[in-house]
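There are 4 protein chains.
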Amino acid sequence: MPETLISVDLSKPATENEYLHNRWHPDIPIATWVEPGADFIVETVDWTGGAIANNDSADDIRDVDLSTVHYLSGPIGVKGAAPGDLLVVDILDAGTLKGHEWGFNGFFSKKNGGGFLTDHFPLAQKSIWHYEGMFTRSRHVPGVGFAGLIHPGLIGTLPSQKLLDTWNSREQALIDTNPTRVPPLANPPAPKTAHLGKLSKGDAWDKVASEGARTVPPREHGGNCDIKDLSRGSKIYFPVYVDGAGLSMGDMHFSQGDGEITFCGAIEMFGAWLHIKVDLIKNGMAMYGIKNPIFKPSPITPNYKDYLIFEGISVDESGTQHYLDANVAYRQACLNAIEYMKKFGYSGAQAHSILGVAPVQGHLSGVVDIPNSCATLWLPTEIFDFDIKPSAAGPTKFIDGSIDMPISPDL
Amino acid sequence: MPETLISVDLSKPATENEYLHNRWHPDIPIATWVEPGADFIVETVDWTGGAIANNDSADDIRDVDLSTVHYLSGPIGVKGAAPGDLLVVDILDAGTLKGHEWGFNGFFSKKNGGGFLTDHFPLAQKSIWHYEGMFTRSRHVPGVGFAGLIHPGLIGTLPSQKLLDTWNSREQALIDTNPTRVPPLANPPAPKTAHLGKLSKGDAWDKVASEGARTVPPREHGGNCDIKDLSRGSKIYFPVYVDGAGLSMGDMHFSQGDGEITFCGAIEMFGAWLHIKVDLIKNGMAMYGIKNPIFKPSPITPNYKDYLIFEGISVDESGTQHYLDANVAYRQACLNAIEYMKKFGYSGAQAHSILGVAPVQGHLSGVVDIPNSCATLWLPTEIFDFDIKPSAAGPTKFIDGSIDMPISPDL
Amino acid sequence: MPETLISVDLSKPATENEYLHNRWHPDIPIATWVEPGADFIVETVDWTGGAIANNDSADDIRDVDLSTVHYLSGPIGVKGAAPGDLLVVDILDAGTLKGHEWGFNGFFSKKNGGGFLTDHFPLAQKSIWHYEGMFTRSRHVPGVGFAGLIHPGLIGTLPSQKLLDTWNSREQALIDTNPTRVPPLANPPAPKTAHLGKLSKGDAWDKVASEGARTVPPREHGGNCDIKDLSRGSKIYFPVYVDGAGLSMGDMHFSQGDGEITFCGAIEMFGAWLHIKVDLIKNGMAMYGIKNPIFKPSPITPNYKDYLIFEGISVDESGTQHYLDANVAYRQACLNAIEYMKKFGYSGAQAHSILGVAPVQGHLSGVVDIPNSCATLWLPTEIFDFDIKPSAAGPTKFIDGSIDMPISPDL
Amino acid sequence: MPETLISVDLSKPATENEYLHNRWHPDIPIATWVEPGADFIVETVDWTGGAIANNDSADDIRDVDLSTVHYLSGPIGVKGAAPGDLLVVDILDAGTLKGHEWGFNGFFSKKNGGGFLTDHFPLAQKSIWHYEGMFTRSRHVPGVGFAGLIHPGLIGTLPSQKLLDTWNSREQALIDTNPTRVPPLANPPAPKTAHLGKLSKGDAWDKVASEGARTVPPREHGGNCDIKDLSRGSKIYFPVYVDGAGLSMGDMHFSQGDGEITFCGAIEMFGAWLHIKVDLIKNGMAMYGIKNPIFKPSPITPNYKDYLIFEGISVDESGTQHYLDANVAYRQACLNAIEYMKKFGYSGAQAHSILGVAPVQGHLSGVVDIPNSCATLWLPTEIFDFDIKPSAAGPTKFIDGSIDMPISPDL
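Respectively, the protein sequence lines represent chains A, B, C and D.
Position in the first sequence (from 1) plus 196 gives the number in this note's numbering.
Position in the second sequence (from 1) plus 196 gives the number in this note's numbering.
Position in the third sequence (from 1) plus 196 gives the number in this note's numbering.
Position in the fourth sequence (from 1) plus 196 gives the number in this note's numbering.
There could be a bad hint or two in this list.
Copies of one chain are not kept apart here, so a pair can be met inside one copy or by any two copies together.
Taking lysine to aspartate or glutamate and the DMTMM-like style, the derived pairs with C-alpha atoms no more than 25 angstroms apart in a straight line are [claimed, not checked]:
(1) Lys-473 to Asp-502
(2) Lys-501 to Asp-512
(3) Lys-501 to Glu-231
(4) Lys-593 to Glu-212
(5) Lys-275 to Glu-328
(6) Lys-431 to Asp-255
(7) Lys-306 to Glu-513
(8) Lys-294 to Asp-235
(9) Lys-593 to Glu-297
(10) Lys-294 to Glu-328
(11) Lys-294 to Glu-239
(12) Lys-403 to Asp-475
(13) Lys-388 to Asp-255
(14) Lys-294 to Asp-205
(15) Lys-585 to Asp-223
(16) Lys-403 to Glu-513
(17) Lys-501 to Asp-259
(18) Lys-585 to Glu-239
(19) Lys-397 to Asp-372
(20) Lys-403 to Asp-581
(21) Lys-539 to Asp-583
(22) Lys-538 to Asp-583
(23) Lys-358 to Glu-513
(24) Lys-539 to Asp-402
(25) Lys-473 to Asp-512
(26) Lys-478 to Asp-399
Don't read these hints as lab results, they were simulated from the structure.
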């Protein structure tokens, strides 16, 4: 039986747990050390540390304090790891903490977090997804169910002080271009809500809290990549920047669509575990020219093969032409898919939620044909309980509108 | 035997062929009419109409006149098609015109066309790819071979006058923000090199030539989407804007990676044919809420399953932070993959070319984690003649550098 | 959290557990009842009820009492189920009982059980397979590892008295053709080692024990089908023969090749659990013309795609021609694969074991071309740590022979 | 453009073509020689050499002279090939001869050929399948269409005299056990209808005709394996028994189910071509322990993933128990599938035909659980125009019975 290296107590506040932390900094103490070749279990809390409940109100989504996220389990030290190495992580398995077979998906209020389609869905909404073994369904989104593809939304190594300084300076430079924007362009360090694992209060704590990088963006060390394919069975090669590597992880998703367009988020697992194995490729960064993590996908992934594919181009909702902007193109593809699903009876919010949580693919199909980028959104048709394909007879409303997702107006 | 509705003579200039056209306009005469339910063959020339030769010089790439592209076969009229309908196109099969079993891939000079990585590869280069049945290899890029996934880079319906006017005005507005940029932000109508099928010279010709939209960008009617998955066996639903729909196609690719990052282009087939079937869903646009084409993928696609996946984030080559810019992120993922392949002996140009032509996937993996977009580039490992996966022993140079792609300095 | 309907105590003898039984008979008491639509957990012991240990001797395989197998969990009654219905079983998930992350594979002695290749491997041998999350490896078979495809080797409904009588009479008729054969042609009821769940000793017990069908063969109700594709995520439709259906299951496999050619068996899980959901299609047997179970495969299965495929024809090892005998053909394909693997350093026993436990496919490729049946054995190449494909250079011995499987001579 | 090494004239009798032959013998003259590494086109006639017509009568199936089959293109000599080598054949592509976009499937009369289900379908029947590009449909079997997986049913190398003698003696020994059986147990040489390529009449011709092995069964050299997965894109390694190897091929199938249960046959292509490449592994037979061909599947195969799987056990239609007989088990699985399809409106013959021609899989799922073998028949649900899956509502008759397959009573 593999050892549980880090366990979590879901009945206690995340902030009282010294194996959790919510910032990136080289001086966050290693929680525990392992040998290369070791395999072990790591338990995780949801990314908000328990702020979102399994109920029928979106108030908690609306009111969440985003400066507190993400609560990560770690950092785990790997003996012998040195800057320049590659840390090889096998995700041997992943699952749910017993008794907590649910997760949440939601849209943030535009005033507190926003998201990819926040101009179209500016208010907080929530859907709860229950697990039926390896499958999932939601009481707020009828007519759809699918196999999960469990993965850590966030996994990465500790940055060096130099890399951290680079992050902070380049992100601050972006913030400075529009410091009052809502939602913000980026998040600077936020000392007040820093949670720094074993680090005791004092000067060291103050330094780390004031410099510690926020966990929202993916960066060179991995971090919050939200790549649905970093799933159980995959193998990841992380750059190492500090002695011991310092691997942390969290933000476990039961399933997610490419892009995590709902931001809050995928199906966010209330409690989860990862079974991983760690190893080293000495000097691997230079040998292979690695700047960002690379990975190999799992041999086990859902075999959904019948897709309906929506195109989007970089002309925005107002008709304005953008230059090769893949974000605009993917947004249009998403909006096109939502309009289509509404014809079968879904509310816009439900359709949006499906794009956030189902194993939807988003492809950068064309990126050079000036001035239009072309993105495609791949919607698996097999996840629906009814036939969602087009026909000469036109769509049938299989969803009667009697069920919708909770919504919470801004206060 | 299915009828060949449109045939091409590869020994004659494209401009002398009245079944070809290189602009989009509702007044381009229908080349030929078919009934709904008909299936037939359409032959196509390469997108440049024969400007690029099967040789070992990139001069023709450097010197190409991009105002002449793309030469399309059509427009084909479908009886009974009316604005608001969906035109259903089954791509029943596709292949090579006998005796022309080759295609080209290249990078444009930054001064004449550019491309996704033009700052890194500013000079014209070319590789020739030979077909070995359903597989392909290049004499300029050793050690790699793969099954083709033949598809029309460009296929679409004729726009209405109103839609055309929208295109021209929104694109001109973009051009006006930086009219002297090289490469340009977009391409306005170019009457001089317009080729308008059966249309005779005269006032009508002048109007169409001066208004006719260029074929480079994908738009609401489909067009130059360069989606590798619109391949043989797929089924596409196009919006109809004019009576008869007016379906045209060309720019056939033997294989392409997501994004067609090399711009010039995929493996561009010198001569090709499509076997298609057309049908109608009356009033389908409103019934299904369709703005852009949608499609279903083929049941037959290459089963490459073992990938090496490269991450990229929206921090550019200079270290500057961009806000959720998927283009920057995908560019970084591509550059990361190129650096990796160079460790096995490829030149940067060869590695770049592989990303342009092989069945590479590009995913919008994360689009909300401010300020970093996360894109992933999926490189199939099975296409290489050697083992390209990382190991503790480090990379072996399987490619000895004795072969490279022709390059042509700017004049 | 789904309820655990049946739990097992692996520290106690299987015979002391009233939720287990090892015979099929309509009068075995229902262990527990559920409503249609219910989902729940069922725990299972290994098929021998704990007779095989995690050690390095094959003595326990050699000495096993096969009249005691298989120990099944159940029967579970589904309220409202009546003869003629279809019982729909969703295998929502499956896994290992914590602390027991191992299973065994072996060959029986020809004198006690035999197997598909017993003439070639007449002595008892054993290999132990450890789970590394969703993957498995063996300390007795180096150089190979793969993702598991967990499934119940045995799952079925209770027979009616009439169906049971049919089984007993047709199997006895076969036995009567050669009653002293070793191994036997079939197994008649064996009252002495019958374990009948809750049934108390007495006349009823005696009747059931003397009539109860042995669990080894698959039959009309499902039973010991050993179909590797009845895996987690699949959906099965069982015929119902008695009120309440009476669903029992066990013989859980972590992974198996088509045919379960090693007989003892797949990777036999020492302790396992199934999460299933049950539902009914009333009168489904007649409506759909169902005689044997039908099923739909899981959307999640290993994506091994690169196979080396071995052909076999129905000419046996002595050169004798058989008439369209698929068993002989498949045996030849298996022997051909074993010979091939030996060239890379495996012992015959190790190669044989790999065919028994890895996700190998066995296809009835040709069944009509008199006099030769053609069977194919599909060996996934990706499960090996080295390259097992043929090349002009010939095979390299990656396996040095220092490790082999325990063998136990007959006493 | 690859050279057409062997072309056929479909307007002439097969027997007048010296590049065709219908027997296996080392003394059949090599038709033409190639170098190792060469790739080229080989055209083929249908296996009967044109005896079956595209019409609505099964008389030609009933009356066919089976002593004339199969007409093969070849033998092709590969320079330098010697006994003991492996001949590596890449099937680079395959397709239809223009103007002949159809094939036939049928059942032989039990009195003339028979087949796997001949006791259930004892009379000659026929269905004609038309190609729609890479897809196929039949005017005799409505409601079903699918992508083809073109492959040579028959491809192999010339036997040595010694191997030929072995074939003839072992098959004659089988025939001798029941020489008057209808259909026969095997087919001995039939000099009268031998067609021996370039060989001139005379003593040599008489020897070859009287010894030449019939082409129906698969044997050690490959031959009539009827493996649907030897398809375009696959790579085959053949044993070499004579100098030059002598590769011949024919019996091209547009699509086939595992087993080719209809015997006559798959979708038998009236005229077809193969684009192949040949190479050698010197001494490969001993190096790799090869007795029968091995092969690697194509990277391009139909992605049908949603199956309905039917089980069969080795209890025959009369209720008699057979000992581990996979043929009986697969026959039951096929009959179960036919009964199921009839509930949706198909005639038994139509359902049978679908199992013969669609990309159906047949697995040897369990071969050791005495006394019952368990075979599974995998029916892809996506090939039907309607939903063929079970539901609580029961089946709907989508096929109205107005169309059936021609049948021809025995004379």
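Using 25 angstroms as the alpha carbon limit, work out where Lys-403 and Asp-475 are close: within a copy, between copies, both or neither. Neither, since 31 angstroms and 60 angstroms both go past 25 angstroms.
One pair to classify: Lys-539 and Asp-402, alpha carbons no more than 25 angstroms apart. Within, between, both, or neither? Classified as neither: same-chain Cα gap 54 angstroms, cross-chain 43 angstroms, threshold 25 angstroms.
If the cutoff is 25 angstroms on CA atoms, where do Lys-585 and Asp-223 land: within, between, both or neither? Let me know, please. neither (54 angstroms within a copy, 33 angstroms between copies)
Within, between, both or neither: Lys-397, Asp-372 at alpha-carbon 25 angstroms: This pair counts as neither: shortest intra-copy Cα distance 30 angstroms, inter-copy 57 angstroms.
Please sort Lys-358 with Glu-513 into within, between, both or neither, judging by C-alpha distance up to 25 angstroms. Answer is between: at 18 angstroms across copies they meet the 25 angstroms cutoff, but 41 angstroms inside does not.
Copy assignment of Lys-593 with Glu-212, given that the CA separation must stay at most 25 angstroms: Neither. Shortest intra-copy (49 angstroms) and inter-copy (51 angstroms) distances fail the 25 angstroms Cα cut-off.
Within a copy, between copies, both or neither: where do Lys-501 and Asp-259 come within 25 angstroms Cα-Cα? neither (39 angstroms within a copy, 43 angstroms between copies)
At most 25 angstroms between CA atoms: does that hold for Lys-473 and Asp-512 within a copy, between copies, both, or neither? neither (45 angstroms within a copy, 32 angstroms between copies)
How would you label the pair Lys-294, Glu-328 (within, between, both, or neither) given a Cα cut-off of 25 angstroms? both (13 angstroms within a copy, 20 angstroms between copies)
Between the shortest in-copy and the shortest cross-copy C-alpha distance, which are at most 25 angstroms for Lys-388 and Asp-255: within, between, both, or neither? Within. Shortest intra-copy distance 23 angstroms satisfies the 25 angstroms Cα cut-off; inter-copy 62 angstroms does not.
Go through the copies and call it for Lys-501 and Asp-512: within, between, both or neither, with a Cα cutoff of 25 angstroms. Result: close neither inside a copy nor across copies, 30 angstroms intra and 35 angstroms inter.
Checking Lys-294 and Glu-239: alpha-carbon separation at most 25 angstroms within a copy, between copies, both or neither? both (11 angstroms within a copy, 16 angstroms between copies)
Against the hints set out earlier in the document, violations occur for numbers 2, 3, 4, 6, 9, 12, 15, 16, 17, 18, 19, 20, 24, 25, 26.
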